[in-house]
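S.K.: Could you slot chain B onto chain A? The hints should help.
First to last, the sequence lines map onto chains A and B. Take 647 as the starting number for the first sequence in the numbering used here and just add one per residue. Take 1048 as the starting number for the second sequence in the numbering used here and just add one per residue.
No lab work stands behind these hints: they were computed from the structure. Misleading hints may appear alongside valid ones.
[To be verified] Cβ-to-Cβ under 10 angstroms is the rule here; a few derived chain B residues that face chain A:
1. Arg1069
2. Leu1139
3. Ala1196
[Said to hold, decoys possible] In silico DSS-like pairs for lysine-lysine, Cα to Cα no more than 30 angstroms straight-line:
4. B:Lys1182 / B:Lys1220
5. A:Lys908 / B:Lys1182
6. B:Lys1072 / B:Lys1127
7. B:Lys1154 / B:Lys1182
8. B:Lys1127 / B:Lys1154
9. A:Lys908 / B:Lys1154
Think of the CB as a built atom: it goes at the ideal place given N, C-alpha and C, for glycine as much as any other residue.
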Amino acid sequence: MRATAQPPAPLLFAVTLVVALFMVVPILVSVMAGLVVNYSSGLKSGLTLRWLAQVWETYGDTVAASLLIAAGSVFATVVLGVPCAYMLARNRSRAARAFEEVLTLPVAVPGLATALALILVYGQMASFRQSFAFILVGHIVFTLPFMVRTVSAAFERGDLVALEEAARTLGASFPQRFLGVLVPAVFPAIVAGCLMVFTLSIGEFNLTWMLRTPLTRTLPVGLADSYASMRIEVGSAYTLVFLAVVLPALWALQTLAAAMQKRYGT
Amino acid sequence: MELERTRIEIVDCAKTYADGTRGLKPTTLTVEPGEVLALLGPSGCGKTTLLRLLAGLEAADPGGRILFGDQDVTARPVEKRNVGMVFQSYALFPQMTVEANIGYGLKVRGVAEAERRRAVGELVDLVRLNGLESKRPAELSGGQRQRVALARAVAVRPRVLLLDEPLAALDAKLKESLRDELAELLRRLGITAVHVTHDQHEAFAIADRLAVMHGGSIVQVGRAETLYRAPTHAFVADFLGRVNRLERDADALARGVVKIGGVEWSCPSRSSDGGVLVRPEDVQLGPHRPDWALATVRHRTFLGERIHLRVEADGQSSLLADVPPDSPFRVGDTVGVWVAPERLIAAMETDA
Chain A
647 MRATAQPPAP LLFAVTLVVA LFMVVPILVS VMAGLVVNYS SGLKSGLTLR WLAQVWETYG
707 DTVAASLLIA AGSVFATVVL GVPCAYMLAR NRSRAARAFE EVLTLPVAVP GLATALALIL
767 VYGQMASFRQ SFAFILVGHI VFTLPFMVRT VSAAFERGDL VALEEAARTL GASFPQRFLG
827 VLVPAVFPAI VAGCLMVFTL SIGEFNLTWM LRTPLTRTLP VGLADSYASM RIEVGSAYTL
887 VFLAVVLPAL WALQTLAAAM QKRYGT
Chain B
1048 MELERTRIEI VDCAKTYADG TRGLKPTTLT VEPGEVLALL GPSGCGKTTL LRLLAGLEAA
1108 DPGGRILFGD QDVTARPVEK RNVGMVFQSY ALFPQMTVEA NIGYGLKVRG VAEAERRRAV
1168 GELVDLVRLN GLESKRPAEL SGGQRQRVAL ARAVAVRPRV LLLDEPLAAL DAKLKESLRD
1228 ELAELLRRLG ITAVHVTHDQ HEAFAIADRL AVMHGGSIVQ VGRAETLYRA PTHAFVADFL
1288 GRVNRLERDA DALARGVVKI GGVEWSCPSR SSDGGVLVRP EDVQLGPHRP DWALATVRHR
1348 TFLGERIHLR VEADGQSSLL ADVPPDSPFR VGDTVGVWVA PERLIAAMET DA
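Only chain A is shown next, with the shape it has when bound in the complex:
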C-alpha cells in the first residue's frame, strides 16, 4: 500500500539524499576508476574498456565458478535446510535447541576459523581439497543457518500447524502433506532464504580465501588478488564485473520473491 498524499519534508529528503550519496558515491567512483585510462589523472585521461578486457581474460572463469557455487549452495541449503527447519520448528526439545545453536555457529565464528577446521579435517583428501566442491561445502556450512532460520520461522506459525492438521484429517501421509501443503505454504520464506543464501555465497570472501587453491577461485577472491597484485584500474574494473554479474541475478531473484509474496500472501 503506497501513501498517496504525503506533506513534503525537505529536511528528511536532504538527510536521505546525503546518506544515499555517502553510500553510492564510492561505488560510482570505483566503477569510474575501472573505465578510465589512468585513475590518477581521472576522466581527462579518457575512457577505455582495456581493463575490463584484461579482467575478463585473467579472471573470467571466476564468474562462472561463483555463480555455480552460489547456485549449488542454494540447492543444497534447500534440500538440507527445509526438512531441518521443519524438524526444528516442530521439536521443542532441548536437544533441538542445542542443535540450532550449533548450526548457527559458523555465522558467529570467523570464516577463517571455519575454513581452518575444514582444512584440518579434509585437507588430506587431495582431490576433494583441490576441487570446487571443497569451497561449496564451506559455503553450505556458512549459509545453511540463514535458510534454516528463515524457513523454520515460517513453519512455526500457528496457521501452519493448523494446515498440517487439516491435511492429516483429510488422510494425507507425511510426504503428501510435507510436499503438497507445507512446502508450498512456506514457499515465500524458502524463496527469501534462497535470495539470502545466493547473496551471501556470491559475496563470501574470508572463508573462501582460506579454502581456495590457485585453480579454484571465486569472484571475491579474484577481486582480492587483482587489488593486491595489479593496477588500481584493473581492480576497479573487476568491481564493475562483479556488479554486472551480481546485480541482475539479485534483481531476478528479488522479482521472483516479490511475485511469490503477491501470489501466496494472505
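M.R.: What follows is chain B alone, placed relative to chain A:
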C-alpha cells in the same frame, strides 16, 4: 449428498498432557447416529481437547476408548480415522484454489480426476460457491471460507464431522446468519457431528443436544431447552444465560422455602445445596399482591426490545428482571415481584 450416520461412543477418555496438566477428566459420552452434539464451555474447559481426541490429533490416556459405530478407532492415527474437521481458522491451503482445497482429500486418496471433479462440483453446488471455484482463499470472504472448509471436510465422506468453533472467526452479524445456514446444511448432510463452541446461542441454533463442560469434565448433557430450564448445576444455568441467585439461610433451607421481600415461596422439591436460581425473564413485576414480594427498583436499563430492571427486596441481594419495553416502572418505584414456582431452579454448585 447423504453421508453415513455413525454412532460415536467415548468411553472413559481422559487426557493428561506431557507437562502433567489434566486437559480432560475421564469422560464417557455417546453421540447418536446423525445427531449434532455441541460441546459447550468456557476456554480451558476441555471441549477442544475432547474434539481433538475424537479426531485422533491427540491420543487419550491409556484406558480410554473411542468407537465409531462398532469399530474401535482408539488406536487409529488421524490419517486413517476418516473424520472431517472444520478448524477455527479454517486452515485452508493458501496456495490452492477453492476447487483444489475441496478436492484435496480425494486427491491424496488417489481418486481419479474425473470422479474428483464430479464430487467437487456437487459440493460446490451444495455450499453455493459456484463461480468461485478457481479463487484462492485469500480472495474469499469469511463466510465463503467457512463454506470451503466445510465442503473440504465432507468431501472425503467422513464417518463423523468435527467442527472446532466454526463461526468464531466471523463478525457478529455474519455469525448469526451463518449459524442457521450451517445448522441447515448439517441436517441436509445427515452426518453425525460434534461441534465445539463457547457461544451458547451458536450451540442452541446448531446442535440437537448440548454437553456443557467445565474444568475438564462434562457437567450436563441434554437438549437446549432442558439445560436452560432445568440445569442441574449453577454453572450450567449461568453459562447458558443470565441468572439470579436467591440466597437461603439454614432455616429457609430446612423448611424448603425462599424468603424474599416479606413473603416465603416454596421451593422446587429437587434437592439443592443452597441457593435457588431464577432467570431474569421469569421475574414478573406488577402492583403488589398477596404472595408477591415487595421490592424497590434501583436501576433501569433500556435496551430497545427489552428493559432490564434491577430491583431490591428484603432478605435478598438485588435481582435482575427482564421485562417488556412497555413496563411502566421507574427507578425508586415500589413493585411487587413474582416468580412462578416452576420457574425456580434448584441447582447444585458446580464442584460436584
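S.K.: All the hints need checking, so say for each whether the structure fits it.
M.R.: We went through each hint and held it up to the structure:
1. Arg1069: Interface hint status for B:Arg1069: violated (21 angstroms vs cutoff 10 angstroms).
2. Leu1139: holds (8 angstroms)
3. Ala1196: For B:Ala1196, the interface hint holds, since the closest Cβ of chain A sits about 8 angstroms away, which is under 10 angstroms.
4. B:Lys1182 / B:Lys1220: holds (24 angstroms)
5. A:Lys908 / B:Lys1182: Status holds; Cα separation ~14 angstroms.
6. B:Lys1072 / B:Lys1127: Judged against 30 angstroms, a Cα distance of about 26 angstroms means the pair holds.
7. B:Lys1154 / B:Lys1182: Holds, because 19 angstroms separates the two Cα atoms, which is no more than 30 angstroms.
8. B:Lys1127 / B:Lys1154: holds (15 angstroms)
9. A:Lys908 / B:Lys1154: Given pair A:Lys908, B:Lys1154 holds - Cα atoms ~26 angstroms apart, limit 30 angstroms.
Consistency with the previously given hints fails for number 1 only.
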